[in-house]
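For chain A, the structure is supplied; the task is to place chains B, C and D on it using the hints.
Protein chains in written order, with our numbering: chain A, -8 to 742; chain B, 149 to 653; chain C, 116 to 224; chain D, 14 to 214.
Rather than coming from a laboratory, the hints here were simulated on the basis of the structure. Here the structure is a predicted model, which is why all the values come from computation and not from measurement. Even glycine gets a Cβ: it sits at the ideal position worked out from N, Cα and C. Zero decoy hints are in this set.
Interface residues of chain C toward chain D, partial, derived using beta-carbon atoms under 10 Å: (1) 124; (2) 125; (3) 127; (4) 132; (5) 140; (6) 156; (7) 168; (8) 173; (9) 201.
A short list of chain A residues far from chain B (calculated; beta carbon distances all over 10 Å): (10) 43; (11) 457; (12) 500; (13) 552; (14) 592; (15) 630; (16) 639; (17) 679; (18) 720; (19) 736.
Listed here are the chains, written in short residue letters.
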Amino acid sequence: MHETSSFSLQALVPLIIFFPVAGLLINVVAGKKIGDPWAGIIASLASGSSFVIAALQFVGLTQNGFHPATIHVADWIVIGELNIPWAFQVDTLSVTMMLLVTGVGTLIHIYAIGYMKGDPRFHRFFIYLNLFIASMLILVGGNNYLMLFVGWEGVGLCSYLLIGFWYDKGAGGVGNARAGRKAFVVNRVGDFGFALAMFLIFWTTGSLTFDKVFAYFEEHGGETQHAVAPEAGIGKLLSPAQQDEEPHGESAGPTIVTIATAITLLLLVGATGKSAQIPLFVWLPDAMAGPTPVSALIHAATMVTAGIYMIVRSNVIFNLAPASQMTVAIIGASTAFLAGTIAVAQFDIKRVLAYSTISQLGFMIAAAGMGAYVAAMFHLLTHAFFKALLFLSSGSVIHGMEHGHHALAHDAEAHGGGGHDDHGGNGHNAHADESHGSAHATAHEEEHTFDPQDMRNMGGLRARMPTTFWVYFIGAVALAGVFPLAGFWSKDEILADAWKIGVTDGEWHGLVVYGLLTVAAFFTAFYMGRQVLMVFFGGERTEAAKHAHESPAVMTVPLIILAVLSVIGGAMNLPGLHWLGQWIEHTIEAHPLDFNFVVAGLSTVIALVAIGLSYLVYGQRPMTTMLDPLERLGRAFTFLNGKWYVDELYHAIIIQPFEDIGRFLAYAVDWELWHDIFHDNIIAGGFRWIANFTAWSVDKGVVDSFFDGLASLVRDWADIFRRFQTGYVRNYALAVLFGAVVVLGVFLLAR
Amino acid sequence: MNVLFSTLTLVTFFPLVGVALLLFTPKEQKDTIRWIAVGASLTTFLISLVMLAQFNPADPNMQLVVRSPWIRIGSNWNIDFYFGIDGASLLLILLTTFLTPIAIFSSWTAIEERVKEYMIFFLLLEVGMVGVFVSLDLFLFYIFWEFSLVPMYLLVGIWGGQNRMYAAIKFFLYTMAGSILMLLAILWLGINVGTFAYTDILGKVPAAAQGLLFLAFAAAFAIKVPVWPLHSWLPDAHVEAPTAGSVILAGVLLKLGTYGFLRFNLGLFPEAAKQYAPTIAVLAVIGIVYGAIVSYPQKDVKKLVAYSSVSHLGFVMLGLFALNSQGIQGAILQMINHGLSTGALFLLVGMIYERRHTRELAQFGGLWTVMPLYGTLTLIVTLSSMGLPGLNGFVGEFAILLGAWGAGQPGAAYGSYAYAAVASLGVILAAVYMLWMFQKMFLGKVENPHNNGLADLNWREVVVLVPLIIMIFWIGLYPAPFFDLMSPSVTQLVAAIQSAAVALR
Amino acid sequence: MVPTSYYIILSVVLFTIGVAGVLVRRNAIIIFMSVELMLNSANLAFVAFARSFQPASGAINSAAMAGQTFVFFVMAVAAAEVAVGLALIVAIFRTKHSIDVDEVHQLKG
Amino acid sequence: MSKVILSSLQLVIASGFMTLELIIFLALAVIAVAAAIAMLASSNAIYSALFLVLNFAVVSVFYLILNAPFIAMVQVTVYAGAIMVLFIFVIMLLGAERLRRPDSRLAWQQPLAIGLGLALLGVAVFGLLSRGGVAASPQPLNPEVALTFGSPREIGRQLFTGYLFPFEVTSILLLVAMVGAIVLTKDEKKRPTLKSQTSKK
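With the rest of the complex left out, here is chain A:
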């Protein structure tokens, strides 16, 4: 269907999955043997090759005039009208995501070679990472909702595996495992919504393929007043006769808007799960239990943006459902605000970033909800750059802190103390314990041990880790939205959209969204300032910080590349040029906005004020003790530090009741009542009672005694007769002869 020149390039797209799968298979088979660092190098090569393929797709699209293409690999599920292929959708949107996933992914692979050095499960880590890349590419590359769902759950699995990568660490030895499970289960709640949305889409449109679904909604989009007709061939159980009786049209039945609203709200449930929005955001902070490269790759740059990708992909349906769009926007903005406030009061360096991620995802969701799909994608991309950068640099900081602590511990051991044994694990994991035992999700639970992620333990690292400091600084400023770094441009575009809806169009929810996002932006700038000041400035607050040192080049080089991208990333979609907008416009409807100087100015001012405020609190008089100046806020700080007690709330209203009900059903209802009382006592016991009654009273008492009497009668007679049984064969023979003579006599003589 396309020019031959580009066809060959797009036919390559299945390879984008092939490489990571091949990489992971190699590591499954031989990873343990080739070990550190070759397993990592193979995985990085696999991911890099996928990046090359993605780049070729980019070239291919530019060559053929941005025509989307579908590459069919095989049929997957074909049942009746249902026809789901393994097929790839190559268009500007998916290629954008592919480039992001493979590009950032490759950098993080390389970084991880350094970060995971010496871990006993080194190769397994890279198997998971490659599996993740493959799943994520299925997610963004599929041409139907079910493949999207496959990738969606696949990345969820990788997330589960990687959060629990150090499955024997964390609170009580299972903290990490528990965090992984929490992530998976919470995501499954989202998937539940997504699955129902798919069912509804299929039974409405008769397909799950993007093209056909969107074509249906575009075709029927105008019929807002009528009950919608199911696509021909669907709902065949309604017999033909019945369908004739009820011609679709004016009669009762859902209109296209109702259906679109239902579908989009269900999709939103899915998005809130994967993209960590209210109410399902609780898993993401706990997910920081995973190794830091995982936090960067999965829980900041790529997987968590899947929800945004899905909404942007489904824009045709969302556009038909204004009520859903409003819901999406408000949920996004609220999440941005809520997470922003929580981030302010956290001490764990990764936890701050985690809440920051939730907050920024809120920005993107809000943008998608306002129909500003390009802005959402723009922020998605820039955020991927600087948040991956921030996470990786925080990993570098943690790495440095650990090595500092490690050096100290060795000193202490040399002087006769052995204080770090309580980190312990079993023998062969000892090294991993020392170098990475830090990944505790919940720092305060193990206060007696040293926590290299606690920002209160840091300070003054600027001098010890200069490269890390500079890239961290760039990332922080980009996130805070300071002109002219990447974050400024993308965040500003979202705010401008909210302003347009709220102020220009006068919609109330636009104002609410704008307000919430602006406050969130303020908090963003504040907590980033707080973090940089706490970590890198002032004096070292612990011995470990004093002994921290810079990370190796294999880690810092990817950081520098990401830092560059964070600086220039904004150029992708500069106002007036709108390169990204034009590029994505080939796939989805985009309406570029003019640059809004009021919004831009306002947000710049807000960011600067927030940074200034953070300097006032943390910069002027640097912290010297473990006491955070903000703690003087008292209850408010405790509340924010406790994350609005959402986890506790969920525990009280969902988890505890579920466990209680489960236990009640399992033990009381199913076992005691149903199994023991009903079946064993009533049915079996009743039967036994009847049987006993019959056996002892009726059978033994009446029937048996009658036959007993008969039997004893027989026995008495038998006592007489038994004397005839002498046991001598010849006696018996005599008797036989006697009989024979009698019989013969009767036969021969009796006539």
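Below, chains B, C and D alone, put in the same frame as chain A:
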């Protein structure tokens, strides 16, 4: 066709050759006995592959038919020796012949007492199970149905755990109780229609009589499946059965029930099926959610898996009574999937039981560190069981739920979307209990000193598991061959049900 | 020719002697030999009757031949009986160290 | 002495009361009965066996007279030869020519047995005589019939046509008897039992 040497007769009765050989093997030669049993069941599997090759996937009717008059009493007792298969029974036969060698092979070291009798019963069990799937005469079906009970009863009762007699008798009595009603219904049908042959009865059952007949058949099948709330025998039987027994019990015997629903309740009584679909769906949905919730707090791994069967079989029932292609094909595939995944889970539980002689969750923890290969394979099976896309469980569950949602359309079988929606909650809960189990067994630190130094899987255990794992991936990634096999038969069935539904209106 | 009944009477006499042997003697082997004698007397009767049924001229009467054929079968049975019977005697002798049939009276009521 | 016998024989024959054939019959019958009684009466089992052989030999002569040459030969080879040798062999093997315990607890049975035996004889003979047909004696066979009747060829034809099934059954019977004899006489003690095996483990 020659009755004696047709493929179906051969695939059904070939294990008897193994039985005959075993009878002449001295019981001291345990290894010879094991090899004979494995060889006989593997040969049966090969014969079933021949059957697969002879099967024409495009033909929706019964194929490879063998039929000859068997018992004639008077003019209205016409009992035939009548074998034949369609896509659904073909797949279930393949599942049976595939799982039996695996189950036998897995008993290699687990069974040391009375090996000869054990193997003989196992092969007899295979005859019974395959016989149920190939029989097209209702009387013959009933004979095989009851026959399959006996070896299983003995397997549980002789080689089972602590409480084996209780479990065995309970299993036997429950299944038997349901079968009585079915026998009555079969006799009624055979005498009133004048034949016991399935294909001849098809479409001839008067609508007025269908209701009671449906319930009579359903009583037998619902206990076997088991449909909530008739599941009380299942945890007992599963917990007490020897590992291989559990594998076959979960893998095939429960499918006898769902197969019966598919073949007889849907096939013979379409009007009644349409009428009772919402009722069955309610029970199925309750079973899904209830089974999942009850699995979670279990302390015994085997019991947890047993209750998860209740949940999974709920999905199958929900799919069957959606009465559309997606639901029914998904249900058939899910029967296969459940056989593979839950079978594999029981095998895995058996392997750890052989090492630790306990199945209590609290006794484990951190096993992944000690037994990495075991942990990884268990993870794959666990994920398959909770329906992760790319593995087999997902394809079946997705098709079932999609079908159930379609059945929720106004005028369709269920008439409400609530069934599919609530059932989908089961997918969330599956993640809850399955991951809980995995965490308790494999994650965390090794805290129980007994778990230190456990040997990882040996080659025999790997050989047992690898075919299952391959199938798990195959069905997950490329289920098309399986759907192709069953599609024509199911399409014909659905068409028949729809025309019956029109007639009902 | 000697009348058939003479042979029959001889057969009866021999049979009676056999019966008496079974009843009078305790030695299992002699009892056994007496049984053989009885069988032999029966054979004699068979052959005698066979001869009497065969007409002097004309075709062979197959009914008459049946008598001789039957004798053949009786001999086969007798051979089998002897084999098993003597084996039994040997087996009994092993446990009882005697072939006195009166020693074997476990069936005494 | 012999002259006396010969002349009295001639007298008897000449009187027409008896033929030569009858005389031979009677003589042989006396020998047969005497041998049977001697078998019954001798206290040594070996003697018994030898008397029985004599009896069998005499009976085989009767068979010859009765136009049953095949049966007669079989009688001599199988009965008098094989079977009786087996008897003697067993007697020798067990060393049980005489019983160790002469007294019998069943002495009371002997008169009873003899009485009943005589009754049997009486009933049979009386029954036979009372039915007539006693005097009927078959005509001598024509030469061509005599050649065929009772010949091995004719018996073989009978066995493989009309009596094929019983014949085959007989072979199975003999096989079973052989197996039975082997099983019965096999030494029980040398057989490995399950108990001894399991106890070894």
